[in-house]
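S.K.: Line by line, the protein sequences give chains A and B.
Residue numbering for the first sequence is 615 to 963, as defined by this note's numbering.
Residue numbering for the second sequence is 1219 to 1672, as defined by this note's numbering.
The list that follows gives simulated cross-link-like pairs (lysine-lysine, DSS-like), each with its CA atoms no further than 27 Å apart:
1) A:LYS951 / B:LYS1337
2) B:LYS1257 / B:LYS1337
3) B:LYS1338 / B:LYS1257
4) A:LYS649 / A:LYS819
5) B:LYS1337 / A:LYS719
6) A:LYS951 / A:LYS819
7) B:LYS1338 / A:LYS719
8) A:LYS951 / B:LYS1338
9) B:LYS1522 / B:LYS1498
10) A:LYS951 / A:LYS719
11) B:LYS1496 / B:LYS1522
12) A:LYS951 / A:LYS649
I should point out that these hints are in silico values taken from the structure, not numbers from a laboratory.
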Amino acid sequence: MGTIWFWLVAIMIVIYVLLDGFDLGAGAIHLFVAKTDDERRQVLASIGPVWDGNEVWLVAAGGTLYFAFPVLYASAFSGFYLPLMIVLWLLILRGASIEFRNHIKSAVWDPLWDFLFCASSLLLAVFFGAALGNVVRGVPLDASGYFFEPLWTNFRLGDETGILDWYTILVGVLALLALVMHGGLWVRLKTRGAVGERACRLASKTWWLVTALTGLVTALTFQIQPQVKENFTTRPWAFVFPMLAMAGLAGVRWFMARGDERRTFFASCAYLAGMLTSVVFGVYPMVLPARNPAYSLTVTTAKAADYGLKIGLAWWILGIILAAGYSAYVYRSFAGKVVVDKDAHGYGD
Amino acid sequence: MGQALDVHRLQFAFTITFHYIFPQLTMGLALLLVYLKTKALRTGDEHYNRAARFWARIFGINFALGVVTGIPMEFQFGTNWAAFSKTAGGVIGQTLAMEGVFSFFLESSFLGLFLFGEKKLGRIGHWVAGFLVFLGSWLSGYLIVATDAWMQHPIGYRIGTNGAIELSSFWDLLLNQWALWQYAHTMLGAVQTGCFVMAGVGAFYLLTKRDAFYGRTFVRAGVLVGAIAALLQLFPTGDIQGKLVANNQQPTLAAMEGLFESQEGAPLAILGQPDVEKRKLDNPLEVPEMLSFLTYRQWRAHVKGLSDFPQEEWPDQIPLLYYSYHVMVGLGTIFIGVMVLASLLLWRGRLYESRAMLWTLMVCVPLPYIANTAGWMTAELGRQPWLIYGLMRTANGISPRVAAGNAWFTLIGFMGMYTVLGILWLFLIYREIELGPEPGNRPAGEDAAILAAD
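Between the sequences and the hints, there should be enough to build the whole structure, so can you do that?
M.R.: Encoded structure:
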């Protein structure tokens, strides 16, 4: 039961990163690829009807994590107290920016929200990456099953780690770059004209940095978290996960050169999915590695009782099928390139 | 004050109180939006569609704020209440996860379609989208209330070998009798917020002699639905809630009513300030034997006072609990009076000309917000000193490693951020009301539609 839910939660997180990833990325590049009001409206329009639904994957994944692994939820959320609160504030700022911007047209209103939208998206990408870095590196859990990390200590790996050290910052930067590329390809796919071209050029340049950093971070990860090395040596079939990431990275280049916007974006999805599943597989059966391995939380020690998990499987499958159905319908309804229409909400009167 | 426990409680209370400003309106408005869309569909009158669009814009602002202030609520179970989550997550995680999976996807998907896709969906499709938003938001309300109801009245659980509370009956959790009545009571409260806001805006239009068609439509819808909701709020839902408290949380009932000594034929206190040290009500204004009657339907029934219970089982904020309860009941009574009187005037065809009644409806707009907040404070302060009634004390639920200083840091951060959000919210809502439902009033280039071509 624990392992099943481990993978189900992992799938939800991957979907969250693929979906909210492109709107975070679009936000992070907002100020740089869209210069005029019309262009900025195009970027916002490309995520307008879907960003909220994308963020629901975070809420749903959080809820599922809570119900399936309450011990992990308690330990990780209280241990990562400060960065999570900062993430919450950034999510609030970002949601408000997207929602409020188009209500008023004024020389002092739009630029403020554009800036906040961009800055909050950018910082969120870094913080999510750093959070993932923390999980991989391991946290100072002790016998009580709890820990608390300040935002930073001395930026070194060791027993007194903070949320930010050189490794987690590096993962944060990689996350930002990967989402910039992902978001750029989304904007390219959904818009016309200068915005799309700038987004594509930016994604193309970022590709080199993403590729270089992916190599570096992977090598470091094998050093820092011994479980990763062990899992991949004992179960070599799992190399399909990193292979997927590599194929995705290559695919981005390949399809971009051929001007296939859809496939370029899907290749970027494959890269992100490959990277995340590699990490998830790498730490299994741990759900939260500790600096002292004896205190690590695993799928067996962190899971809820089996009765609830079995019941949950029934409603979860039903719920996710419904959710996938709605999402597919919404994306289909808003398929194609956006046009910024001047009549209010397109109602036609 | 200043202990970690106090700061964690204060942060949860502050963030949930601010959060609930938004869902109470969106849940109530969702119902009224379905009403307006149904009217549009049946009469073919375009005015109703414009009215629905106007309220959809207000709905959208409130919904977005509800979402962004709602995520912190889910997170705080883990960040601030880790020991509680570790012990009870296997049970309450069920309903919280179901809320995400079943209602949030439904709500967010179809709200996007409802707000951005009217042209594309067509008349019936747009009605369906509106209905599904309503369904999603009301389902979400149920799952949250079921979570709280389990904390008020835990059933369907067993204690596992590691000391954690495990689920033993899914249907007991989901169909908890407490949840059913608390849900009905909560939703009627939300409907009243929606009705008072709609009627209040309508009254504003009629009093300022503009948008007369919309003014009349909003007042009529708000008053008719509001009168029904206000009556059902008292009876049966409020009455049965009271009985559930009387049967399951006896010290809570005594504290709510300010009853320190047990008596036969206990009076109902209308006014009076509880003095917990001297164990008495100052300058009480009481209806003799009424509390006994309301609780047990017998004038001479014996009602237990606080003195009958050990002090460590008393709720820890008795005056606040007492006032919350009295404010809730007092306002609820006023709502019945206002809404029933307005309905009578409507029936006699005099409501739209009655300036006094329109003024009353307009100035009443903030009151249901206060009543709903006071109601939740009654429920949650009444549950104290328990986090899960009879099973886990609030003091044992906090995150052991999060120091008071870090909790203050985030509490102050939330206060600052929510103050700014609150000001923006009032500003934007006022602006929407000022612009009104007629499409011609909007400056060019605002609210540009987002439509996909190809």
